[in-house]
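Please take these sequences and the hints and turn them into a complete structure.
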Amino acid sequence: MTARPSDRETPPRERAAPVSTYGRVTNDWFLRFGAAPRATVRLVCFPHAGGGAAGYRRWADLVPESIEVVAVQYPGRQNRYGEPVIDDMTVLADEIVAAVERELTGPVVFFGHSMGAVVAFEVARRLRSSDSLTVRRLFVSAGPAPSARRSLGVHLRDDDGVVAYLRELGGGGAELLELDEIRELTLPMVRGDLRLIETYRYAAGEPLNCPVTAIVGDRDHTFTTADARRWVVHTNAGLDVHSLPGGHFYLDDQADRLVPLLVERILPR
Numbered sequence: 710m711t712a713r714p715s716d717r718e719t720p721p722r723e724r725a726a727p728v729s730t731y732g733r734v735t736n737d738w739f740l741r742f743g744a745a746p747r748a749t750v751r752l753v754c755f756p757h758a759g760g761g762a763a764g765y766r767r768w769a770d771l772v773p774e775s776i777e778v779v780a781v782q783y784p785g786r787q788n789r790y791g792e793p794v795i796d797d798m799t800v801l802a803d804e805i806v807a808a809v810e811r812e813l814t815g816p817v818v819f820f821g822h823s824m825g826a827v828v829a830f831e832v833a834r835r836l837r838s839s840d841s842l843t844v845r846r847l848f849v850s851a852g853p854a855p856s857a858r859r860s861l862g863v864h865l866r867d868d869d870g871v872v873a874y875l876r877e878l879g880g881g882g883a884e885l886l887e888l889d890e891i892r893e894l895t896l897p898m899v900r901g902d903l904r905l906i907e908t909y910r911y912a913a914g915e916p917l918n919c920p921v922t923a924i925v926g927d928r929d930h931t932f933t934t935a936d937a938r939r940w941v942v943h944t945n946a947g948l949d950v951h952s953l954p955g956g957h958f959y960l961d962d963q964a965d966r967l968v969p970l971l972v973e974r975i976l977p978r
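For the sequence shown, my numbering begins at 710 and goes up steadily by one.
Derived from the structure by calculation, the hints contain no laboratory data.
Here the structure is a predicted model, which means the values were calculated and not measured.
Note that beta-carbon positions come from the ideal geometry of N, C-alpha and C, so glycine has one too.
One thing to keep in mind: the hints can contain errors.
Restraint ranges, calculated between C-beta atoms of paired labels, are given here [said to hold, decoys possible]:
(1) Arg-858 to Gly-947: 19 to 27 Å
(2) Ala-857 to Pro-746: 37 to 45 Å
(3) Ile-891 to Val-942: 36 to 44 Å
(4) Thr-934 to Glu-812: 29 to 37 Å
(5) Ala-873 to Glu-810: 36 to 44 Å
(6) Asp-949 to Gly-914: 21 to 29 Å
(7) Pro-954 to Asp-803: 32 to 40 Å
Here is the structure:
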């Protein structure tokens, strides 16, 4: 699938040269992909199970200069390879909240894909009473609502079973796991992420006081528009649902359509 340009192009930002393979590392937990001195809001991105922050590098070229893209880097991958994977949602969310409060201020919006949707939600709900920043909107992509999640027990399968599941979801990462050396290096991290999301249990609480936007790949059997509408119980500020062409990893091919959709809601005219 080839990404199609949006009807409303967003002017690219002048980019500073990256300082590492992945981006500019700050506070261990975040990657930034260039200077954004005129940014008035930050778009904080939470990767999927097995994913890393570098997957959001291109987004920094698709947003206006008033938005800074900041990607969360979970331990155990990319520039944090060798650190223990955190396989407990409470621990991961608490660690990210601590990093957010040290590093970020002002208005932010969160985007989470698949597992990242629930991680972003759990971080957002912990920041409801923050004095230093405000979560203006939560974007959830290809991730069932916390109160509606069901475990498939994939993290309990053998290696071939985990790889088969990832192959079914699609995405470039599944193809890499066909290589023995890549599988040996990355499968423990993937399994840890799957354990985190599959053992997660939603604890009822106050809904978010920011709007939620849910985005669906129109060929994603794991997250349909009906599933997306279930996010409505987790916000008291409204839910809107959108569909883009593709499967579970539609965003790999649809960045030129997805990012402008986000920008329109981050910077309403």
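For each hint, the structure was consulted:
1. In this structure the supplied range 19 to 27 Å holds for Arg-858 paired with Gly-947, their Cβ-Cβ distance being about 22 Å.
2. Checked against the hint of 37 to 45 Å, the pair Ala-857 and Pro-746 passes, with Cβ atoms roughly 41 Å apart.
3. Evaluation of the 36 to 44 Å hint for Ile-891 and Val-942 yields a pass: the beta carbon distance comes to about 39 Å.
4. Under the hint 29 to 37 Å, the C-beta atoms of Thr-934 and Glu-812, about 35 Å apart, fit the expected range.
5. Range check, Ala-873 to Glu-810: Cβ separation about 40 Å, and the 36 to 44 Å hint holds.
6. In this structure, Asp-949 and Gly-914 meet the distance hint of 21 to 29 Å, their C-beta atoms being roughly 22 Å apart.
7. In this structure, Pro-954 and Asp-803 meet the distance hint of 32 to 40 Å, their C-beta atoms being roughly 37 Å apart.
Taken one by one, the earlier hints all hold for this structure without exception.
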